[in-house]
Structure formats: C-alpha cells, structure tokens
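Engineer: Spelled out from the first residue to the last, the chains are:
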Amino acid sequence: MEKYLEQISQAVVEGDRDSAVEYVQVALDANLDASAILQEGLILAMNEVGRLFEEGEYFVPEMLISARAMKSGLELIKPLLVGGDIRPVGKIALGTVKGDLHDIGKNLVGIMLEGSGFEIYDLGTDVSPEKFVEVIQANEIDLIGLSALLTTTMPMMKTTIQAIQNAGLRSQVKIIIGGAPITQEFADKIGADGFAPDASQATRLAVELIG
Amino acid sequence: MKPRERVETALNHEMPDRCPMQISFTPEFAERLYRDMQMKGSSIHNPHGGGNTYELERVLGEDMLLTSVGWANSYYMDDKDYVDEWGIGWGIQPYETPFGVGHYTEIIGHPLADSDAISGYKPPDPNRPELYSSSKQMIGDYKDEYWIVGVTVTTIFETAWALRGYEQMMVDMAIDPDLANHILDIPYNYHLTAAKELVKLGVDMIWIGDDIGTQNQMLISPKMWREFLKPRMANFISEIKSINPDLKVAYHTDGKIDPIIPELIEIGLDVLNPIQPASMDPAQIKKDFGDRLCFWGTIDEQHTLPFGNPSDVEAEVRHRLKTVGKDGGLVLAPTHHVQLDTPLENFWAMVNTITSTQYSSL
Chain A
1 MEKYLEQISQ
11 AVVEGDRDSA
21 VEYVQVALDA
31 NLDASAILQE
41 GLILAMNEVG
51 RLFEEGEYFV
61 PEMLISARAM
71 KSGLELIKPL
81 LVGGDIRPVG
91 KIALGTVKGD
101 LHDIGKNLVG
111 IMLEGSGFEI
121 YDLGTDVSPE
131 KFVEVIQANE
141 IDLIGLSALL
151 TTTMPMMKTT
161 IQAIQNAGLR
171 SQVKIIIGGA
181 PITQEFADKI
191 GADGFAPDAS
201 QATRLAVELI
211 G
Chain B
1 MKPRERVETA
11 LNHEMPDRCP
21 MQISFTPEFA
31 ERLYRDMQMK
41 GSSIHNPHGG
51 GNTYELERVL
61 GEDMLLTSVG
71 WANSYYMDDK
81 DYVDEWGIGW
91 GIQPYETPFG
101 VGHYTEIIGH
111 PLADSDAISG
121 YKPPDPNRPE
131 LYSSSKQMIG
141 DYKDEYWIVG
151 VTVTTIFETA
161 WALRGYEQMM
171 VDMAIDPDLA
181 NHILDIPYNY
191 HLTAAKELVK
201 LGVDMIWIGD
211 DIGTQNQMLI
221 SPKMWREFLK
231 PRMANFISEI
241 KSINPDLKVA
251 YHTDGKIDPI
261 IPELIEIGLD
271 VLNPIQPASM
281 DPAQIKKDFG
291 DRLCFWGTID
301 EQHTLPFGNP
311 SDVEAEVRHR
321 LKTVGKDGGL
331 VLAPTHHVQL
341 DTPLENFWAM
351 VNTITSTQYS
361 SL
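Protein sequence lines, in the order shown, are assigned to chains A and B. Per our numbering, residue 1 is the first one in the first sequence, and the count goes up by one each step. Per our numbering, residue 1 is the first one in the second sequence, and the count goes up by one each step.
The set of hints was computed from the structure by calculation and includes no laboratory data. Cβ atoms here follow ideal geometry from the backbone N, Cα and C, with glycine treated the same way. Hints are not guaranteed to be accurate.
Said to hold, decoys possible - Straight-line C-alpha distance at most 35 Å; calculated DSBU-like pairs for lysine-lysine:
(1) A/LYS3 x B/LYS223
(2) A/LYS158 x B/LYS256
(3) A/LYS131 x B/LYS80
(4) B/LYS322 x A/LYS189
(5) A/LYS158 x B/LYS80
(6) B/LYS223 x A/LYS71
(7) B/LYS256 x A/LYS71
(8) A/LYS189 x B/LYS256
What the hints assert, rightly or not - Going by beta-carbon spacing under 10 Å, a handful of chain B positions derived as facing chain A:
(9) GLY91
(10) TYR95
(11) GLU106
(12) HIS110
(13) GLN215
(14) ILE220
With the hints as extra help, turn the sequences into a complete structure.
Structural biologist: What follows is the structure in structure tokens.
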C-alpha cells in the first residue's frame with residue numbers, strides 16, 4: 001500500500017500528470033481507500049511542494065505542474081470521497097479585489113490550500129465587496145483570502161473587510177490578505193486576521209486560523 | 001551640464017553635477033501633472049515613450065528621453081477594450097484613488113492559448129518604416145541635449161506569455177521546452193529587429209525587459225532562466241552592440257533577481273532597472289555589483305511614493321544618492337510609472353530633491 005502512495009506522491013512532486021493519474025488508478029484498482037490516496041498521497045505531495053518552494057528549490061512553473069498533477073489525481077477520487085466521512089478542513093473563498101485583474105499569486109494560494117485539503121471557492125479577479133459578502137452568506141465560508149498586486153487596489157481590501165463587517169459577518173470568517181505591496185503592518189491597519197508573503201506561508205496561516 | 005553629459009558621466013561610473021533623473025507616468029497622473037503645472041497636454045501620454053511629445057519630461061528636468069518600438073506600445077492604446085496587432089486582447093480596468101478614477105489596460109486575450117493556433121501564427125512585421133518615424137524625429141530633435149533610450153521592453157518572456165497565457169507559458173517551459181522555445185522566439189525576433197533599427201537610428205541605449213522576479217524570489221528558477229532567457233538575452237545584447245560598440249544596454253525586471261545579476265553582467269548588461277527596494281536592498285546590490293553595473297530606478301513606488309509623506313520621499317532620495325549614487329553609476333527614477341495614487345507633494349519632493357541636490361553637497 002505504501003508503495004502505491006509513494007508513487008502517487010512522487011509523480012505529483014515531479015509534476016508528472018500522466019504518472020499521477022496512472023498511479024491513482026492503480027491504487028484504486030488495488031482497493032486502496034480514496035481518503036488514504038488523498039491524505040497520504042496527494043496532500044502529502046503538495047506539502048512537499050510547498051516545502052521545496054519555501055526552500056527556494058521550486059519556483060512558480062514547478063508549482064504549477066505539480067498542481068496539474070494533483071488536480072488530475074483528485075478528479076479520479078473525488079466521486080468516491082463524496083458521501084464518505086471525509087470532510088474538507090475548512091471552506092475558503094479567494095479572490096483578487098475589485099479593480100485588480102492579477103491572479104497568479106491568488107491562484108498559487110488556491111493550489112496550495114486545495115493541496116492541504118481545504119475546499120476552495122475561487123471567485124476570480126475584480127471581485128466586488130458585495131460578491132464576497134454574498135459568497136460568505138451562501139456557503140458558510142470559514143476564511144476569506146483577498147489578493148491585490150497594485151497599490152491602487154490595496155485600499156479595496158479595506159473596503160471589502162468593511163463590507164463584510166457591515167453585513168454582520170465579520171465574526172464568522174477569518175480574513176487573510178496578500179500581494180506584492182502588502183505588509184503585516186497594512187494587514188493590522190485594515191483589520192485583517194493575517195498576512196502571508198507567499199502561497200506556502202498562506203497555507204500555514206490558514207491552518208493556524210481555521211485548520 | 002547637459003542632460004546627456006550627465007547620464008553619460010554617471011554611466012561611466014563617475015559623478016556628474018547632480019544625479020540624472022528619469023520619470024514616467026500613467027496617463028492619468030500625466031493629466032494631473034499638466035493641470036498642476038498649468039500646461040496644456042497635447043496627446044495621450046504613453047508611459048513607455050511611444051509617440052510622446054516629451055513636454056512634461058523636459059519641463060521637469062529629466063535627463064533621458066524614451067522612444068519605444070514593440071509590443072509594449074500596446075499598453076494604453078485605447079479607452080475601450082481592443083485587440084492589438086499581435087492578436088492580444090486588452091480590457092479597460094478602472095480603479096479608484098483619492099485623486100480620481102484611473103484606468104489600466106490589462107491583457108485579457110491570448111491568441112496562442114489554443115495550441116493549434118501556434119504553428120500558423122503570423123506576428124506583425126517589424127520592418128515597417130512607419131514604426132520608426134517618431135523615433136527618428138525625436139532623435140533628430142533631442143539627441144544633442146538628451147540621452148536617448150530606445151525601448152524594446154517586454155522583449156522575450158512577457159510578450160510570449162501575453163500570446164500564450166501566463167500560467168500556460170510557464171507550464172510549457174516546464175514540460176515542453178521545444179514549444180516554449182518556439183513561442184519565445186516570436187517576440188525575441190521582432191524586438192531584436194526593432195532594437196537593431198533603433199541603434200542604427202542613433203539611440204544611446206537600448207532598454208530591454210522581462211519581469212522574472214516576484215516580490216521575494218525569482219518567478220522562474222535560475223536554471224530555467226539559463227535555459228530559456230539567458231542565451232537569447234546574450235545574443236540580443238551582442239548583436240546590438242556589434243552595430244555600435246559604445247551602445248549601453250539596460251534591462252528591466254521587477255522583483256528580486258539577485259541570483260542572476262552576475263550572469264547579466266557576464267552577458268554584457270550595463271544598467272539594471274528598477275531595483276525595487278522592497279525586494280532587493282539597492283545599497284547592498286551597489287556594494288556587490290556597483291563596480292561593474294549601473295543602476296536606474298530605486299525610488300520605491302510600492303510604499304514611499306504613494307503612502308509616504310514628502311519628507312519620507314526626500315530622505316529616500318538622499319539615502320540613495322549617498323549609497324547607490326556613490327561614485328556615479330546611478331540614474332534615479334521611480335520603480336514604476338508614477339501612479340494616480342501618488343500625492344503631488346510626494347512627486348514634487350522627489351523631483352525637487354533630485355534636481356536640487358548637487359553631489360558635491362552630500
């Protein structure tokens with residue numbers, strides 16, 4: 001059993017999508033539990049990808065191809081997870097704030113959070129404060145991640161947090177922020193619950209806050 | 001000192017009377033500046049220097065003037081959504097600042113997103129004489145007085161990803177090097193032709209650029225950079241310098257890229273731009289590489305200019321002059337086009353501190 005999981009994990013770490021799919025199928029054919037494949041294969045692999053990224057061995061392209069491999073493997077086991085006793089670690093809604101179309105950072109955060117077992121609602125870019133409020137109300141979201149690349153759209157993070165507050169939802173969700181010009185000082189100033197400088201650290205922060 | 005002498009001296013690693021200055025603006029900041037100076041703006045301002053009138057640059061006392069040929073001229077081309085001649089789609093993205101509403105033009109459509117489109121793709125022709133008419137005109141008008149920069153930024157990687165899609169281009173580089181090389185060659189060939197033509201027309205410096213740094217590390221690994229970008233940049237620099245051996249070459253990349261600076265020097269780079277202070281400490285970079293490399297930029301557009309106050313800006317300019325400006329080798333500039341969220345007091349603190357501080361007074 002361990003051999004199967006190791007093969008899956010290695011394929012994901014190496015960003016080898018075809019092998020990841022093949023080994024997940026082999027594991028399923030050998031009657032391995034879908035939740036074991038998820039926890040000890042895919043999630044473990046993405047943790048390793050995060051470690052390699054933080055240590056400066058992996059960069060964005062490597063992370064992207066590992067994510068593709070992880071997602072393809074996940075697609076195979078998803079139908080088997082539904083209805084089982086596997087629950088996501090938490091529900092997270094992510095978006096780049098209104099006025100800003102930049103999404104690579106937000107996408108990497110989404111990849112790493114998904115790879116840690118969170119359920120992700122990716123709201124895309126140019127997301128209005130109203131949209132965040134609506135999604136929190138409709139989906140029992142535990143954590144919101146706001147992204148901005150530009151100094152001109154950073155203030156929209158504050159506006160978004162205020163909108164969540166005004167809707168009476170602030171106590172229900174944790175809010176974390178990130179993006180090139182963002183600092184811990186700014187996060188404190190606008191009343192966010194946290195800031196992380198990269199996708200890997202954002203995942204650790206999310207685990208700390210709601211995991 | 002004439003502006004061009006000032007730049008020439010600095011890039012020769014000597015100290016001019018004062019530090020040379022270069023500043024570009026987003027179109028809306030340029031409009032605000034026109035109003036502030038009670039000038040009448042005559043055309044849409046292109047921050048990359050394509051078709052500009054250079055009124056603002058000259059009134060402010062800038063020392064380098066920019067003229068651009070290449071895909072970067074597709075930025076700020078219209079005030080409604082458009083598709084440029086490369087087939088790349090652009091959307092208009094409004095944003096609000098305390099000083100009014102601004103608009104960015106953002107890339108939203110990638111003509112090579114579908115792999116089937118790649119083999120039949122025909123890029124625009126860089127040999128059309130009309131592409132160079134405004135450069136020719138401005139070189140004739142201003143070269144006696146100013147240091148002229150031929151701009152061919154977004155040289156290789158940035159235009160390639162705009163054609164293919166940002167994430168897909170990086171995936172291609174990781175899993176399909178032949179395809180990636182094919183796509184990277186499209187803008188590379190175009191901009192090399194443009195740069196050679198600009199050198200023949202008499203520009204003093206060619207400015208190439210591709211953003212390969214993120215805020216706190218490189219976007220792609222040094223290894224991947226060595227595989228895909230370094231050989232192309234090396235050849236680009238060598239070909240344009242063979243036309244004019246006195247030509248200087250500057251390279252723009254945002255973010256933190258210090259692991260590859262020694263190799264940029266090795267392939268003939270003269271000037272690095274913009275050295276974002278939140279990503280790399282300009283004083284340390286100067287200490288490590290200042291004997292072989294000049295610097296252009298260093299004034300923080302992420303924090304000090306938009307969110308600091310005039311004395312923060314003045315202090316930052318003076319700090320740079322004392323550290324990075326030591327023994328010349330520096331052209332001060334904001335690390336990006338000045339954005340609409342910048343208070344005019346901060347802008348003027350930057351301009352006035354640069355233009356009124358003699359190196360001898362420090």
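Engineer: Is the shortest C-beta separation between B/GLN215 and chain A less than 10 Å?
Structural biologist: holds (4 Å)
Engineer: Let me know if the C-beta of B/ILE220 comes in closer than 10 Å to any C-beta of chain A, holds or violated.
Structural biologist: holds (5 Å)
Engineer: With a cut-off of 10 Å, does the beta carbon of B/GLU106 approach a beta carbon of chain A closely enough for the hint to hold?
Structural biologist: holds (5 Å)
Engineer: For a C-alpha distance cap of 35 Å, please report whether B/LYS322 and A/LYS189 respect it.
Structural biologist: Holds, because 32 Å separates the two Cα atoms, which is no more than 35 Å.
Engineer: For a C-alpha distance cap of 35 Å, please report whether A/LYS189 and B/LYS256 respect it.
Structural biologist: Holds, at about 26 Å.
Engineer: So, B/TYR95 near chain A? Judge it on the closest CB pair being under 10 Å.
Structural biologist: Since chain A brings a Cβ to about 4 Å from B/TYR95, closer than 10 Å, the hint holds.
Engineer: Hey, A/LYS131 versus B/LYS80, does the alpha-carbon distance stay inside 35 Å?
Structural biologist: Roughly 25 Å separates the two Cα atoms, so the pair holds.
Engineer: Given the hinted pair B/LYS223 and A/LYS71, is their Cα-Cα distance within 35 Å?
Structural biologist: It holds: about 26 Å lies between the C-alpha atoms, which stays within 35 Å.
Engineer: Are A/LYS3 and B/LYS223 close enough, with their CA atoms no more than 35 Å apart?
Structural biologist: Between A/LYS3 and B/LYS223 the Cα gap is close to 31 Å, so the pair holds against 35 Å.
Engineer: Should the hint that B/HIS110 touches chain A count as held when the rule is a Cβ pair under 10 Å?
Structural biologist: violated (13 Å)
Engineer: Below or equal to 35 Å on CA atoms is what counts here, so check A/LYS158 against B/LYS256.
Structural biologist: Roughly 27 Å separates the two Cα atoms, so the pair holds.
Engineer: Check the hint pairing A/LYS158 with B/LYS80 against an upper bound of 35 Å on the C-alpha distance.
Structural biologist: holds (28 Å)
Consistency note: the structure conflicts with earlier hint 12 alone.
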